[in-house]
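Student: Residue numbers (the numbering used here), protein chains in the order written: chain L, 17 to 361; chain Z, 17 to 361; chain A, 17 to 361; chain B, 17 to 361.
Keep in mind that the hints were calculated from the coordinates and are not lab data.
Certain hints may be false.
Copies of one chain are not kept apart here, so a pair can be met inside one copy or by any two copies together.
Stated by the list, open to error - No more than 30 Å apart at the CA atoms, straight line, and that leaves these computed lysine-lysine pairs for DSSO-like:
| # | residue 1 | residue 2 |
| --- | --- | --- |
| 1 | LYS299 | LYS128 |
| 2 | LYS228 | LYS187 |
| 3 | LYS54 | LYS228 |
| 4 | LYS54 | LYS138 |
| 5 | LYS54 | LYS161 |
| 6 | LYS187 | LYS55 |
| 7 | LYS138 | LYS292 |
| 8 | LYS299 | LYS55 |
| 9 | LYS55 | LYS292 |
| 10 | LYS54 | LYS187 |
| 11 | LYS54 | LYS292 |
| 12 | LYS299 | LYS54 |
| 13 | LYS292 | LYS128 |
| 14 | LYS55 | LYS228 |
| 15 | LYS299 | LYS138 |
Below are the chains, spelled out letter by letter.
There are 4 protein chains.
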Amino acid sequence: MQEEFIENMTSVAIIGASGYSGAELMRLLAGREDVCLKKVTAGASAGQRVDLLYPDLAGRVPLSFEEFLPGKSEQVDVAFVALPSGEGMRVVPGLRSWASRVIDLGGDFRLKSHALYEQYYKHAHTAVDLLSEAVYGLPELNAQKIARASLVANPGCYPTSAILALLPPLKEGLVDPERIVINSLSGVSGAGRSASVDMSFSELNENVRAYKLGVHQHVPEIESVLQEAIGQRVSVSFVPHLIPITRGIYTTVYTTLLQEVNEDEVLAAYDSYYRKAQFVRIKRQVPQIQAVVRTNFCDIGITIERRTGRLIIISVIDNLVKGAAGQAIQNMNLMLGLPENRGLA
Amino acid sequence: MQEEFIENMTSVAIIGASGYSGAELMRLLAGREDVCLKKVTAGASAGQRVDLLYPDLAGRVPLSFEEFLPGKSEQVDVAFVALPSGEGMRVVPGLRSWASRVIDLGGDFRLKSHALYEQYYKHAHTAVDLLSEAVYGLPELNAQKIARASLVANPGCYPTSAILALLPPLKEGLVDPERIVINSLSGVSGAGRSASVDMSFSELNENVRAYKLGVHQHVPEIESVLQEAIGQRVSVSFVPHLIPITRGIYTTVYTTLLQEVNEDEVLAAYDSYYRKAQFVRIKRQVPQIQAVVRTNFCDIGITIERRTGRLIIISVIDNLVKGAAGQAIQNMNLMLGLPENRGLA
Amino acid sequence: MQEEFIENMTSVAIIGASGYSGAELMRLLAGREDVCLKKVTAGASAGQRVDLLYPDLAGRVPLSFEEFLPGKSEQVDVAFVALPSGEGMRVVPGLRSWASRVIDLGGDFRLKSHALYEQYYKHAHTAVDLLSEAVYGLPELNAQKIARASLVANPGCYPTSAILALLPPLKEGLVDPERIVINSLSGVSGAGRSASVDMSFSELNENVRAYKLGVHQHVPEIESVLQEAIGQRVSVSFVPHLIPITRGIYTTVYTTLLQEVNEDEVLAAYDSYYRKAQFVRIKRQVPQIQAVVRTNFCDIGITIERRTGRLIIISVIDNLVKGAAGQAIQNMNLMLGLPENRGLA
Amino acid sequence: MQEEFIENMTSVAIIGASGYSGAELMRLLAGREDVCLKKVTAGASAGQRVDLLYPDLAGRVPLSFEEFLPGKSEQVDVAFVALPSGEGMRVVPGLRSWASRVIDLGGDFRLKSHALYEQYYKHAHTAVDLLSEAVYGLPELNAQKIARASLVANPGCYPTSAILALLPPLKEGLVDPERIVINSLSGVSGAGRSASVDMSFSELNENVRAYKLGVHQHVPEIESVLQEAIGQRVSVSFVPHLIPITRGIYTTVYTTLLQEVNEDEVLAAYDSYYRKAQFVRIKRQVPQIQAVVRTNFCDIGITIERRTGRLIIISVIDNLVKGAAGQAIQNMNLMLGLPENRGLA
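Bound-form chain L, shown alone:
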């Protein structure tokens, strides 16, 4: 059996492995007997042992970060790109010559429209020809396309929570697609591993801060994915807030009901839409972040506010797992024809 594994082993590289998403990929892949982590690259940390940056990986990932040398690499089955948006599009084209499948955890291949990309990301797109080929890697929406894809754009953390919250009622026509308010709270790890006063403990502890009001790059991602899914214009207000926790996203969505429905009917719509989804749990209680931290689950709960005619939806994930590395591995599993939850259960 050991031999069989070796034969079938998936070889993996992580480009940009020194950030939090990269580290979470290493954490999740380290436990798998069917995956061989061949190469992890980094910028400033190149040359350093992985466990000196991430001591919890001592004895589990016996690698050092390598410099990324485009073109100079042996073949791997899957390359994860965990670089900041703007950098992914510079390495992905070259990567495809030595990696059969590429999963980009950044934002560079999530929007089909490069004009929209340039408006929100504030720089030109340098790999426009790949945009049509890239598949948006939300397995609960695109499982079949992902299975056939060679380039997957892993969703943003906020969009994952918001889109999973909104798909069932929008698909069913229960709520107005043009009157949606999305209020999200994020743990600080979502901002990445960075040296800045703004991200320092003393500035964030016992504090809350909204940011990028009205201009966050996840707005067009949420709108365009939902639009394509329902074939109708979707318009959202979205305000992200940084709160003093390390992991987790708590998204509260306010929608306006178009039909007279009760909570049981709405819950039934969710249950039905997600009946095959292994990582979405429809809750009869108010979701909590602690329930999903360090898991690939998205927990969703709903309330109908009769007085105002609103359906309020709460959706929670771990930003580094279902919002990044876990979902990326879910996508890898689908691309390789493996059980979707391998290494994630």
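Chain L is already provided as a structure; the job is to place chains Z, A and B on it using the hints.
Tutor: Then chains Z, A and B, alone, in the frame of chain L:
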């Protein structure tokens, strides 16, 4: 001058002083030379020294908690009632025989309608005759009435942040009063000093939890105060969330613009409405909780989201100060004809 | 292969499963294909679904808590007892008629001397005859005895970190066994799932509190286990502190060197003592709690302070894993002849 | 009376006001009617409004940070220097021509021996001639010298807590001066306002980290101040730990008793030593950080551990107040002949 102070000294009692609002009242009053704290009462903690419960008050409040004995008390100028909602209405009527002025920090006298009270608070109101007399103690709205009042209902913490955020644009007719979404985050001290698993550190740390969706007792408070202020029906969705900080409320309000305005015009409306308000600061940056913690300030910032036609307002306070004890003292100052900011600057 | 597993499946009960150690046992056992969790009992929560108390277990532990009915149970291979000290000794004797092996996570069977037990635990011991039979379940010290035991006393969380830190230098005679200072910091989950003001978020956040100075029940546990291990009198000062984190113990041990040694020699002694220990990592950097949280590892680092002649040792664990449930499972694995790290890697 | 104040007003400059100690100085001075804050300087933040860096100071400190231009300044009564160690000694000599009194909050003038300074601070001392003149600004030890000083070296935060804990028993000869262990926990603000991954929220939250074991620059400060105070050699082990709180130092000191004493006798020695100290509170309970946060108090509690013959002392302060800015103002008050607690009560 010392003598003059003694002559004019205000004598104060705090009924229900062992909770967090009561302790904050003691903290704020302890520093004042014009106030004499004569009596602090408590239930289970009666008989105990104040500094054993609140060690930061050692050497500052040399009192012990007394049992509350209705009717048996010497006269005081001001009595603060910091009891849970439902208990205040049982002591306030009797209190008025020995306290010239009463400020209730609980919810019992905030709603004019006892029917609404009973619907949201889930028990009968036992002092209905005082409802019409009680003045809603939001100084930025009701300064003159407060100055003449003998019974003030101190606003709830969430309503303080929400109402201050909404008054200027509603007064100016800038936004739709029936399409308002209020998303609030609260520090845990807002839930009071309580022995419960739900409020334990391990359950709240690294967690977020929405609660009382659609049924929170602050909904009718927000709606009715705003309605009275603008003479129009107001309807709000309001979802409070508990986040792992001790103090602070972060309220993000989503409103729909009725007019074409720009941010400068809206800011001018706020500046104008609050030009005499000593504790409201209109910010050109996104407000943060750290800026108001342990102060009586409410910081407000706004953004216009052109794409959706929404005005988004952010309002932050310290729930124990501007949201409770600080505002109560601001009310006391007004009632006594003292400078509004005495002991709060 | 599936069948083979079913044949060999270990049946398990958890008595007192509603607390944090019990929940962590469920978490760790839920992932195992060779274990069948047959019964979880609780007091006040009996009758409730497990996932309502611990929502992260939704879909993973499809059980409800049962009342514990002594004597009325089908046979299980292993029973974990996760009751408060004082309660374990009341159920363990009866348990042995239907559980082949019992692992008690409380303090009732850790001390061989019932006099010492009664001095520190402040109540009589009611199962004195089992004390000599119980094996102290620190696998790095007692692996062979544990493998043959039918009753294992799982170590306390503080003693686990302190004893693992001290065994090598004491065994080697490097440090004075009668001049040891142990300063420990603990996450709040170590205090259990409890409803008390003292454990509430607002009281513990942004705070530190030492407790039980000089009288903590882990003092005799540390001293007697070390004494037996080295055959010499051991005397320690031990001060535990509660700090605002959920999980983790950080133990700083100050010892007085009896020999001229350098750090390399001391590290070599540790490496040698723990060469077969799968869960002890000897670090060349200062240990951190984040490196061990949610793992069964104990990370140890040392410094020689030439100026004072002291060897300072730092030892960190996750109090709920290596300090409780993880170590209990490590013990179960040893008792069943399974790989020591099954379900813990 | 207003005029009298203006006449007597103390003019103040803060050199290096953009860090956390500088900001705390502004916070404390802003409330004083007898102090005029004339100039605040900064490096990178020069030119920026104070309230953009510290929004809580909006409306309270209406200044902008200036560049520090040595020699070019009008006269002030008091200059606070809140620069990192190594920078203070470069500005202090020049400062003295335009500031009558200088209080340096850094480490450059705390050690009398420049050799010791250079050993621990790892760079040469460039103002050696001022070392003998500088007075160590611990008011509880040196009040009279401080009153006459023109250059005060404000103590470090750890030394403040450790020295106040140790002075009474050492002075009384109760404990062995050469067998002292000091274990300290510090809030993160003690590390200053800095942009580094190590100080980022995600790295420090839910974590603990000891640092600078055996080589911290506060070791010679603690030892030499105590040595001078008691005229005997003092030797300490000192390990500082960073814990996830913003403010506060929790110091646990382990000493060996030289005499048979009971707790009452030791407490009496503390009470007597500190009978005139307005900011030291001797507690009969275990001290907590919450009791001193945002105050200038040092709370001290003790336990005698009969079994080991040790006196354990716990001492807590707010690192930014009694450990920095508050103590600096206490020193200023003494230097100016003002009541010691003005602006600090």
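Student: Confirm or reject each hint.
Tutor: Each hint, compared with the structure:
1. Taking identical chains as interchangeable, the C-alpha atoms of LYS299 and LYS128 are never at most 30 Å apart, the minima being 33 Å within one chain and 37 Å between chains.
2. Both within a single protomer and between protomers do LYS228 and LYS187 lie at most 30 Å apart by alpha-carbon distance, with minima of 29 Å and 28 Å respectively.
3. In this assembly of identical chains, LYS54 and LYS228 lie within 30 Å of each other by CA distance neither inside one copy nor across copies; the values are 38 Å within and 36 Å between.
4. Neither within a single protomer nor between protomers do LYS54 and LYS138 lie at most 30 Å apart by alpha-carbon distance, with minima of 34 Å and 42 Å respectively.
5. In this assembly of identical chains, LYS54 and LYS161 lie within 30 Å of each other by CA distance solely inside one copy; the values are 27 Å within and 41 Å between copies.
6. For the identical chains of this complex, LYS187 and LYS55 are neighbours neither inside a copy (41 Å) nor across copies (42 Å), given an alpha-carbon limit of 30 Å.
7. For the homomeric pair LYS138 and LYS292, neither the shortest alpha-carbon distance inside one copy (38 Å) nor that between copies (41 Å) is at most 30 Å.
8. In the homo-oligomer, the alpha carbons of LYS299 and LYS55 lie at most 30 Å apart only across protomers (24 Å), although the nearest pairing inside one protomer, at 40 Å, exceeds that limit.
9. Proximity of LYS55 to LYS292 under the C-alpha cut-off of 30 Å is restricted to the inter-copy arrangement: shortest distance 29 Å between copies versus 34 Å within a copy.
10. Within a single copy, LYS54 and LYS187 get their C-alpha atoms no closer than 42 Å, and across copies no closer than 41 Å, so neither meets the 30 Å cut-off.
11. Taking the shortest Cα distances, LYS54 and LYS292 sit within 30 Å of each other only across copies (27 Å), while inside one copy they are farther apart (33 Å).
12. Proximity of LYS299 to LYS54 under the C-alpha cut-off of 30 Å is restricted to the inter-copy arrangement: shortest distance 25 Å between copies versus 39 Å within a copy.
13. Proximity of LYS292 and LYS128 under a CA criterion of 30 Å is satisfied intra-copy only: 27 Å inside one chain copy versus 51 Å between copies.
14. In the homo-oligomer, the alpha carbons of LYS55 and LYS228 never lie at most 30 Å apart, since the shortest distance is 35 Å inside one protomer and 34 Å across protomers.
15. Proximity of LYS299 and LYS138 under a CA criterion of 30 Å is satisfied inter-copy only: 26 Å between copies versus 39 Å inside one chain copy.
Comparing the model with each earlier hint shows violations of hints 1, 3, 4, 6, 7, 10 and 14; every other hint is respected.
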